[in-house]
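Participant: Using the sequences and the hints given, assemble the complete structure.
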Amino acid sequence: MRPRDLSALIFSNLRRMKLRLALTSMGVVIGTTSIVLMVSLGIGLQRNIEQELGGMGPATHVTVMPAFTPGSMEMPTLDSQAISEIEEVTNVEAVMGQVWVETMGRAEFQRRDVHLSAMGVPMDKFEQFGYVVERGRLPRNENEIVLGARMPSMIADEGGFREDLTEDLLGGRLNVTFFEPVTEGAGGRPDEAELDLPAETTRRLTVVGILAPADMQVDSTAFVTIDAALEFNGVRSNRIAFPNVIAMADSPANVAAVEEELRALGYETFSASSLQEGMRVTFLIIQGVLGALGGISMLVAALGIANTMTMSIFERTREIGIMKAVGASGNQIKKVFLGEAAAIGLLGGTVGLLFSISTAAVANLVVQGLIATEAVGQQAGAAAVGTATQTAFFIIPVWLGVFALVFAAGVGLLAGILPAMRAANLDPLIALRHE
Amino acid sequence: MDCVTEVIDLKKQYIMGGQPLEVLRGVSLAVEPGEVVCVMGPSGSGKSTLLNIIGGLDRPSAGTVLAQGEDLAQMDDERLADYRRHKIGFVFQSFNLVPSMTARQNVELPLTFAGVPAEERAQRAAAALESTGLGHRIEHRPTELSGGEQQRVAIARAVINEPTLMLADEPTGNLDSATGREILGLIRQMNEDGRTFMISTHDRGVAESIAHRIIHIVDGMIAEVEIGGAS
Ligand SMILES: Nc1ncnc2c1ncn2[C@@H]1O[C@H](COP(=O)(O)OP(=O)(O)OP(=O)(O)O)[C@@H](O)[C@H]1O
Ligand SMILES: [Mg+2]
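Residue numbers (numbering that gives the first Met the number 0), protein chains in the order written: chain A, 0 to 434; chain B, 0 to 230.
Warning: the hint list may mix true and false statements.
Residues of chain A placed beyond 12 Å of chain B at every Cβ, according to the derived structure [as the list claims (entries may be wrong)]:
{"#": "1", "residue": "M0"}
{"#": "2", "residue": "L18"}
{"#": "3", "residue": "N47"}
{"#": "4", "residue": "T76"}
{"#": "5", "residue": "T89"}
{"#": "6", "residue": "N140"}
{"#": "7", "residue": "D156"}
{"#": "8", "residue": "G159"}
{"#": "9", "residue": "R172"}
{"#": "10", "residue": "Q216"}
{"#": "11", "residue": "Q275"}
{"#": "12", "residue": "V288"}
{"#": "13", "residue": "S328"}
{"#": "14", "residue": "F354"}
{"#": "15", "residue": "V361"}
Pairs of lysine-lysine, DSSO-like flavour, derived with a Cα cap of 30 Å [claimed, not checked]:
{"#": "16", "chain 1": "B", "residue 1": "K10", "chain 2": "B", "residue 2": "K86"}
{"#": "17", "chain 1": "A", "residue 1": "K334", "chain 2": "A", "residue 2": "K124"}
{"#": "18", "chain 1": "B", "residue 1": "K10", "chain 2": "A", "residue 2": "K334"}
{"#": "19", "chain 1": "A", "residue 1": "K334", "chain 2": "B", "residue 2": "K86"}
{"#": "20", "chain 1": "A", "residue 1": "K124", "chain 2": "A", "residue 2": "K333"}
Just so you know, these hints were derived from the structure itself, not from any lab. Keep in mind the model is a prediction, meaning the values are calculated, not measured. C-beta atoms are modelled at their ideal positions from N, C-alpha and C, and glycine is treated no differently.
Facilitator: See below:
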């Protein structure tokens with residue numbers, strides 16, 4: 000029997016049972032839709048998390064924080080002794096303390112107000128941590144500043160400049176306003192300090208360099224020397240205390256081990272890799288659960304197909320007898336019914352896939368719309384809207400589509416095996432006597 | 000000349016409620032090419048059983064069926080299907096057409112299962128239907144045809160593969176006598192063109208008008224062989 004004749008026979012048989020076909024494949028439609036949507040939601044969520052985590056720094060970096068002592072009111076900090084201890088940990092290549100400049104009010108470039116957040120880092124270690132200076136150099140004294148890769152365009156946007164500012168910024172001056180730091184114990188009465196507007200000082204900083212793109216946070220931050228940051232923050236002490244430091248592992252594979260050892264030493268740690276690993280496991284579980292739910296609906300659909308095939312084989316018993324009498328072999332009969340069962344599965348799978356694709360598209364639009372409205376409401380601005388429109392919560396890659404079709408047809412085929420074998424093994428004489 | 004089919008000491012028994020029911024109790028016969036052999040006997044004497052075993056639809060309990068010298072017992076189910084498809088043409092009392100298929104599609108069926116290309120199939124089916132006098136009803140479905148017309152479709156389907164043996168089990172049993180005579184005329188004409196027939200009937204008139212040989216079966220055994228009117 001030729002494949003073309005086989006499919007023509009299958010097709011004409013299915014056309015004779017349109018209603019039953021529609022009802023039976025409905026189960027596969029629902030099963031396929033739930034599996035595809037569930038898996039695609041898992042893929043979408045995982046990709047979103049990964050994108051977000053990608054902004055948190057290289058895979059080898061571990062943020063180390065001092066452990067909180069319960070009952071203590073003091074913010075614990077890390078001193079140089081702690082840094083030496085962390086440097087000694089196996090697989091740690093370098094340790095870098097960093098200090099946020101907390102007192103920065105605003106900055107001014109070419110008489111336009113721009114936003115700036117700055118951090119003090121040890122410049123001798125900065126490049127060792129994988130950050131590259133693309134233009135110019137790193138700061139050498141308190142009056143110099145280096146900008147993250149996205150800063151020129153951020154300053155241009157905010158200040159309303161139309162041209163590219165990179166060249167103007169290099170060697171240019173930023174007038175930065177600082178609030179006088181409120182040092183504890185100074186002024187005596189807190190309620191008095193609250194009433195006073197904090198005093199301001201202005202510093203002129205020279206932009207000496209621009210960094211190559213790294214991660215999202217570094218790209219939108221400016222960096223000064225540690226001494227500068229401490230000075231801006233009003234710390235007049237030789238004992239440097241960091242709220243946290245960054246340790247760099249020699250390879251991403253060793254991050255977990257480094258974190259473990261640091262925790263054993265009593266530190267809190269945090270890293271993009273370990274967070275990602277945790278997320279990955281969580282999503283694997285979520286996807287597994289979702290997939291299992293879809294699997295159950297497919298199982299029910301398979302029972303439906305098996306039932307329909309059994310019924311239609313019973314109704315066509317005499318026809319099977321006739322075909323055997325005129326020379327159809329058991330194998331040929333089996334192929335016809337297996338083909339019908341697989342076709343029911345494939346039909347349901349196709350409809351289910353189309354249904355999932357359109358549902359996913361609509362759901363993505365709705366969710367993106369919600370995020371965009373919320374973002375505008377919170378004045379988070381164009382950047383947030385931009386990310387929201389790129390965010391897809393249901394992602395259906397080609398492999399998932401192909402898998403859905405093959406899976407649906409396969410479920411149909413499996414469901415058809417027993418009924419088809421029964422049809423193939425029918426005694427032709429008994430079948431011919433069937434009314 | 001080699002015979003078309005040779006049956007040697009054929010036995011068939013069914014176990015019914017623990018009791019063996021002997022339907023065929025040692026039947027031996029040979030069918031020569033170009034012959035029309037009629038099998039007669041009372042109802043339940045085993046006529047259909049004999050034809051079905053010769054046609055490879057059923058297997059005997061004992062004995063041998065040689066089709067052009069080949070032992071059917073040696074064939075597995077697939078080979079037996081192949082034998083039915085190429086060597087045998089079945090015609091039944093109740094026509095046994097597939098109701099959802101047109102006359103042409105019904106006639107094409109044995110060729111379809113034999114893997115003959117569609118174009119050749121259509122051509123041969125049209126010719127076969129033409130030869131049974133139904134050339135103008137090719138695209139009609141069984142429900143749109145009379146009993147006699149349906150039997151002509153069934154006969155066209157049986158000859159489409161140019162079988163060595165046509166097996167007709169009471170081919171006129173469901174037809175009125177005038178239509179029955181037309182069908183017998185068609186069979187006689189095909190026999191004149193060289194086709195070999197084995198026909199079961201309980202109608203003496205049918206047997207005498209068409210058979211070269213009439214075999215009487217009584218109680219599962221051949222009781223008598225007569226020379227028919229056609230020889
Ligand atoms: N599958 C079966 N199981 C049990 N007994 C059977 C079976 N098939 C046939 N028989 C019995 O075998 C006997 C012969 O049946 P068969 O159909 O060959 O008779 P027949 O000569 O063709 O009769 P009729 O003229 O009524 O068609 C009958 O008694 C029948 O009941
Ligand atoms: Mg009979």
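Participant: For each hint, tell me whether it holds in the structure or not.
Facilitator: Consistency of the hints with the structure:
1. Some Cβ of chain B comes within 12 Å of the Cβ of A:M0; the nearest lies about 5 Å off, and the non-interface call is violated.
2. The Cβ of A:L18 sits about 16 Å from the closest Cβ of chain B, beyond the 12 Å cut-off, so the non-interface label holds.
3. The Cβ of A:N47 lies farther than 12 Å from every Cβ of chain B, with a closest approach of about 53 Å, so its non-interface assignment holds.
4. With a minimum CB-CB distance of about 85 Å to chain B, A:T76 clears the 12 Å threshold, and the non-interface call stands.
5. Residue-level check passed: A:T89 sits 70 Å from the nearest beta carbon of chain B, beyond 12 Å.
6. Here A:N140 stays apart from chain B, with its beta-carbon at least about 90 Å from theirs, past the 12 Å limit.
7. Every CB of chain B lies more than 12 Å from the CB of A:D156, the least distance being 69 Å, so the non-interface label holds.
8. No beta-carbon of chain B comes within 12 Å of the beta-carbon of A:G159; the shortest separation is about 75 Å.
9. The beta carbon of A:R172 sits about 86 Å from the closest Cβ of chain B, which is more than 12 Å, so the claim that it is off the interface holds.
10. The Cβ of A:Q216 sits about 69 Å from the closest Cβ of chain B, beyond the 12 Å cut-off, so the non-interface label holds.
11. The claim that A:Q275 is not at the interface with chain B holds, since no C-beta of that chain comes within 12 Å of its own (minimum 58 Å).
12. Every CB of chain B is more than 12 Å from the CB of A:V288 (nearest about 45 Å), matching its label as outside the interface.
13. Not every beta carbon of chain B lies more than 12 Å from that of A:S328, the smallest distance being close to 4 Å; the non-interface claim is violated.
14. Listed as a non-interface residue, A:F354 keeps its Cβ farther than 12 Å from every Cβ of chain B; the least gap is roughly 31 Å.
15. The beta carbon of A:V361 sits about 41 Å from the closest Cβ of chain B, which is more than 12 Å, so the claim that it is off the interface holds.
16. Of the supplied pair hints, the one linking B:K10 and B:K86 holds, its CA atoms being roughly 23 Å apart against a limit of 30 Å.
17. Between the alpha carbons of A:K334 and A:K124 the distance comes to roughly 71 Å, so the proposed pair goes past 30 Å and is violated.
18. With a C-alpha separation of about 34 Å, the suggested pair B:K10 and A:K334 falls outside the 30 Å cut-off, and the hint is violated.
19. Between A:K334 and B:K86 the CA atoms are separated by roughly 23 Å; this keeps the pair inside 30 Å, and the hint holds.
20. At most 30 Å may separate the alpha-carbon atoms for a hinted pair to count; A:K124 and A:K333 exceed this at roughly 73 Å.
Hint check: violations occur at hints 1, 13, 17, 18 and 20; the rest are consistent with the structure.
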